[in-house]
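**Q** So the protein lines, in turn, are chains A and B.
The opening position of the first sequence corresponds to residue 1 in the working numbering, with each subsequent residue numbered one higher.
The opening position of the second sequence corresponds to residue 1001 in the working numbering, with each subsequent residue numbered one higher.
Everything labelled a hint here was simulated from the structure, so no lab data went into it.
One should not assume that every hint holds.
[Unchecked claim] The calculated EDC-like cross-link candidates involving lysine to aspartate or glutamate, where the alpha carbons are at most 16 Å apart (straight line), are:
| # | chain 1 | residue 1 | chain 2 | residue 2 |
| --- | --- | --- | --- | --- |
| 1 | A | K236 | B | D1241 |
| 2 | A | K271 | B | D1260 |
| 3 | B | K1199 | A | D70 |
| 4 | B | K1199 | A | E55 |
| 5 | A | K78 | A | E55 |
| 6 | A | K199 | B | D1260 |
| 7 | B | K1266 | A | D70 |
[Unchecked claim] Over the 12 Å line for every Cβ pair with chain A, so calculated as not near, a few chain B residues:
| # | residue |
| --- | --- |
| 8 | E1035 |
| 9 | K1040 |
| 10 | S1052 |
| 11 | L1053 |
| 12 | D1061 |
| 13 | I1074 |
| 14 | N1108 |
| 15 | R1160 |
| 16 | H1177 |
| 17 | A1221 |
| 18 | E1226 |
| 19 | D1260 |
| 20 | D1261 |
| 21 | K1266 |
| 22 | A1268 |
Cβ atoms here follow ideal geometry from the backbone N, Cα and C, with glycine treated the same way.
Protein chains: 2
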Amino acid sequence: MKTAIIGIGLIGGSFALSLREHNICNQILGVDNSEANRAKALELGLVDRIVSLEEAIAEADLLVLAIPVDAIPILAVKILNKIRPDQTVIDVGSIKSELCEMISQHPNRNRFVATHPMWGTEYSGPEAAQHGAFTGRSVVICDRECSAPDALQTVEEIYRTFGMPIIYMSSEEQDLHTAYVSHISHITSFALALTVLEKEREEEHIFDLAGGGFESTVRLAKSSPETWLPIFIQNKYNILDVLREHIHQLQIFRIMLEKDDREGLKKAMRKANTINRIIK
Amino acid sequence: MKTAIIGIGLIGGSFALSLREHNICNQILGVDNSEANRAKALELGLVDRIVSLEEAIAEADLLVLAIPVDAIPILAVKILNKIRPDQTVIDVGSIKSELCEMISQHPNRNRFVATHPMWGTEYSGPEAAQHGAFTGRSVVICDRECSAPDALQTVEEIYRTFGMPIIYMSSEEQDLHTAYVSHISHITSFALALTVLEKEREEEHIFDLAGGGFESTVRLAKSSPETWLPIFIQNKYNILDVLREHIHQLQIFRIMLEKDDREGLKKAMRKANTINRIIK
């Protein structure tokens, strides 16, 4: 199988590495509009050849869209316009509703499989790509009934070979759930970084102390605005829902602390502890 | 040197392991008011013998208070009441102002060194103790001018042997800074866990998706209320300051998102990215 990775950054690059590790492709083509990324992807051996988008569409059996989510819908349509019935296109973006709406009436819609592998780091670019990145993580496949059985099967086999449990959802469900388990974590990290940076203006040595707890809650604040702004904008209504609830929870915490409400605080913390049912 | 660990949990147990690893002590005594902890600490080899507090005071060259912060000031006074001039007492708690105020006029104050090794995990109890826990982390020593030079030197040598850079601060400074780099992270994690658990009542499958970002921002929500409630209460005013600022930052984020203010969001994220100056 010949695969074209369109956008050879953190996710696209890691996808390429996983394809190689599992011997899924005999050739990996790379498309990227940044010259620096193209050179780096070749240097790191993420892809075998750099090609144009047109060449990728002409040659590849599988095309993987790994670009910021605001660029995915338009490019998806352009690719579907030119695709043959033996080719498959997937995206690996974090949100799906707009994309799936945009392509819903396209005559080649069934060659597209909308996927969201649940992995990422706070870093970006081809040099951030990691070996074995996806293994053990879940992948969401959205609106599977809109994809042709053979296209779906090709993609499912790849993700199973990567070692990823597959979860099926509608694109609307996936965008709601992702707001809760991924997008909000990024917003709280950005806000926490800003909170501490604000204080640092008064207090010089504040960061001498930054310990493990701080690092793990704030590391996502290093994430790229180029990736995350489009996600926040496209998933705005779901994110606003969860953000309002999160601010509400923090207000309750603040009020309990102001009132020295030990019982209330203890009860809230015990309830929060039950999160260990979910994350080990 | 003979050391007594008072409170053989996550921190006390890890302290004992580090003492052993670096051959600092020929004997480690353990004091704990939980029978389960005492048995576990012996079974895991964290301590050589279980003794009473009185025996610990009679025998040990160094006494390490590793109990919840609401219990430290009273026990510190009781120990200082009975201590000889060749003994040293330290605490390893997360806040200092109340403790240092309580012991400030004690005739044996100079045998006490107030320390905060900047390490922890979301787990508790002797079975949570880790080898090499403190290496590479900072330790804060508060109000060093209140400690006798020989007591200070003993403690500094131990922490240097553990591989910990030492930072000196007043107890008030340490409590302020710790609110920003440790305590707030715990509150946001608790609140984030509650936010998601609240939503889970409506949406069954929300946690199938929980990816790496979620885990790292929410893992502190597994932390013990027994450890953290006393910290929040004792450091209430500093924590309220930072909590108000954090809620304010989240409100700004929310408003920018409501208004589709892309420039504002991008600017805020870029500013937050500068946190990479501090955490690598």
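**Q** Quick one, are K1266(B) and D70(A) close enough, alpha carbons at most 16 Å?
**A** Within the cut-off at roughly 14 Å; holds.
**Q** Compare the distance between the alpha carbons of K199(A) and D1260(B) with 16 Å, and conclude whether the hinted pair is satisfied.
**A** 27 Å, violated
**Q** Would you say K1040(B) is clear of chain A, with no C-beta pair closer than or equal to 12 Å?
**A** Holds, because the least Cβ-Cβ distance between K1040(B) and chain A comes to about 20 Å, which exceeds 12 Å.
**Q** Measuring Cβ to Cβ, find out whether S1052(B) lies farther than 12 Å from everything in chain A.
**A** Per Cβ check, S1052(B) is outside 12 Å of chain A; nearest 30 Å; holds.
**Q** At 12 Å, judged by beta carbons, does K1266(B) keep clear of chain A as stated?
**A** With a cut-off of 12 Å, K1266(B) comes too close to chain A, as the shortest Cβ separation is near 5 Å.
**Q** Looking at N1108(B) again, its CB stays over 12 Å from all of chain A?
**A** Check passes; 29 Å lies beyond 12 Å.
**Q** Find the nearest Cβ of chain A to the Cβ of D1260(B) and say whether that gap is larger than 12 Å.
**A** The claim breaks: D1260(B) does not keep its Cβ more than 12 Å from every Cβ of chain A (closest is about 7 Å).
**Q** Just double-check A1221(B) for me: nearest Cβ-Cβ distance to chain A has to come out over 12 Å.
**A** For A1221(B), whose nearest Cβ neighbour in chain A is about 4 Å away, the distance does not exceed 12 Å, so it is violated.
**Q** Taking C-beta pairs only, is R1160(B) more than 12 Å away from all of chain A?
**A** 16 Å, holds
**Q** Was E1226(B) rightly flagged as not at the interface, with every chain A Cβ beyond 12 Å?
**A** At roughly 9 Å from the nearest Cβ of chain A, E1226(B) sits no farther out than 12 Å, so the non-interface label is violated.
**Q** Regarding the assertion that I1074(B) does not contact chain A, is the least Cβ-Cβ distance greater than 12 Å?
**A** 18 Å, holds
**Q** Could you grab the alpha-carbon distance between K271(A) and D1260(B) and see if it respects the 16 Å cut-off?
**A** Not satisfied, since the Cα-Cα distance of roughly 34 Å exceeds 16 Å.
In terms of the numbered hints stated before, the structure departs from hints 1, 2, 3, 4, 6, 16, 17, 18, 19, 20, 21, 22, listed from lowest to highest.
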